[in-house]
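Peer 1: Here is what each chain is made of, one letter per residue.
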Amino acid sequence: MKLKHISSLFGAAAIAAGMLMGSAASAEDKIGFIYVGPVGDHGWTYRHDVGRQAVQKEFGDKVKTTFVESVKEGPDSERVIRQMAADGHKLIFTTSFGFMNPTLKVAKQFPDVKFEHATGYKRADNVSTYSSRFYEGRYVVGKIAGKMTKSNVIGYVGSFPIPEVVRGINAMTLAARSVNPNVTVKVAWVSTWYDPGKEGDAAKALIDQGADVILQHTDSPAPLQVAESRGVWAVGQASDMSKFAPKAQLTAIVDNWDGYYVARTKAVLDGTWKSEDTWGGLKSGMVELAPYNSAIPADVVALAEETRKGIEDGSIVPFAGPFNKQDGSVGAAAGEALDDGVLLGMNWYVEGVEGQLPK
Amino acid sequence: MSGFEWIVPVVLTVITAATPLVFAGIGELITEKSGVLNLGVEGMMLVGAVSGFIAATVTGNYFLAVGAAALAGAIMAFLFGVLTLSLMANQVATGLALTLFGVGLSALMGQEFVGEPVQALAKLDIAGLSDIPFIGPIVFGQDALVYLSFFMVIVVSWFLYKTKGGLILRAVGDSHDAAHSIGYPVIAIRYMAVMFGGAMSGIGGAYLSLAYTPMWAENMTAGRGWIALALIVFATWKPGLVLVGAYMFGGITILQLHAQAAGLNVPSQVLSMLPYLATVLVLVLISKDQSRIRKHAPACIGKIFHPAA
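For the record, the sequence lines run as chains A and B.
Just so you know, we're using this note's numbering here: the first sequence kicks off at 1 and counts up by one.
Just so you know, we're using this note's numbering here: the second sequence kicks off at 1001 and counts up by one.
Please keep in mind that the hints were generated in silico from the structure rather than gathered at the bench.
There may be inaccurate statements among the hints.
To be verified - 25 Å max Cα-Cα, derived DSS-like pairs, lysine-lysine:
| hint | chain 1 | residue 1 | chain 2 | residue 2 |
| --- | --- | --- | --- | --- |
| 1 | B | Lys1238 | B | Lys1303 |
| 2 | A | Lys105 | A | Lys90 |
| 3 | A | Lys243 | B | Lys1123 |
| 4 | A | Lys247 | B | Lys1123 |
| 5 | A | Lys90 | A | Lys57 |
| 6 | A | Lys186 | A | Lys90 |
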């Protein structure tokens, strides 16, 4: 019994020594990723992991990418981030809003390690932030939805009434009403990012109330499945979800972090990395649209493409006036467009959205 | 009729939302009636969900899929039984561990199946009556598991209060020492009760992955196992009230979504909170009237049975 203990102790020591030697011997730089969900979520985390794989592919054996999945936001994440930093990672991506404060805390203790925090707003000398202008994708989708709806009711499954989500609802509504002024948008908040059952129920409720196009700002493909079975249209979220709704999915707003991750890794390898704030949209390739459903008429596809190109070259600005807020006051006057500060704090609906925004 | 057509789709949605809760609740009820508290419902549901999904994908046979889910849930429960009944580990701690284990295990099992859609469990059309307006789709047009859930509530009620087996089960749950002294195999009976609970949780999980949202995604139960546990307290350990509670929970969730979609200005957070608020309220009411608890709550719940003592 005693002998067994001793031998297992030796074993552990040998493994530890091996790890130490392993890290000392290799010249490759370690790049770490911390995910809030499982890589198999088919949505948010999945797309980040695709980005990680792109980094690995781009730099081959010059870098070694590692990841920790399903890390809870809060104190637990701090432990994981610190572990990664202490483990000799050169660059660490923390890919959820709730990792913000832990990331900054650890960054202070490891000034030589670079950190990249997704969707946050706090930066430091060795902490950058990055996010995507998903609302640009939603604006394009809004044009399609406005053209495709017959009932003139668009349903929107919302997660939490935060500016990020409200911005998407507003961008979509402005676009839809620009091609079809009769459109109204109904929103059902489910108070979760991820609960397939509840997301599906919300979609059912919206369809029962007349919606024939379903958009969502939650993570599971359940609303698309509901749309498919009820014979209405839907738009995928974060990744192409057409597998779940081959007939119903008009397109999907796809996150693409590949280019950004490769560029930032390169900057670290070249020694040119600087703390920055990146908010990329369609033009940067951080937001993409999945292939259009073949059932969409050619003129609508042309309109969508025109809108996409317009946003990319700057000739179309989603939040350009004139438009009104829901209460009838001016959202933006003609010739005026909302600046990023207003967009980041958006806590009101535009005209055309029904119901009251929960506070 | 006009103005009331919305009721049918709402009721249909409520039924799908309530069915997994009915299964998990009615199973755990039997477990608790035998004097065992198994907090691992969430974990057993997840393992059931993934097992049912895998079986459905591989074999295409939904009968087998539901069977696999029940078996998987029962195996999880058996594990719990070995730890708590045979090795006498703490039930609360073991139950929590079972949930954590189930979350991880189901994720591992389902790795290859994420993002794979599956055909939804077919809706039946009993005697061709589902075309009757209003009651047709509700009463005659459900999938088989919905009918099974009602059937199980009836069977469990009947078993608990009308059979000798039910009497013995309740005796074991109320006083394991007394039951033991008159010769009933307390541990064996509890094993059976725990495994029945696991099997029902497994089927409840499979309802999610096969009928409610026909897909597998990690952690797709999203807390329904915990609601099922709360339901039993809410129902003061009565099978009929578990059914009522499950439909109330489901109903409030769906109605609040409809209220929002209809543009009613009720804060969604308040409505999301309602089912839980109702449970707290019931708990307060129950504890005010101790006789209710004594009448139906198993007196030995959570207590470890030591035959030598």
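Peer 1: Determine which of the earlier numbered hints do not hold for this structure and return their numbers in increasing order.
Peer 2: Of the numbered hints, just 6 does not hold.
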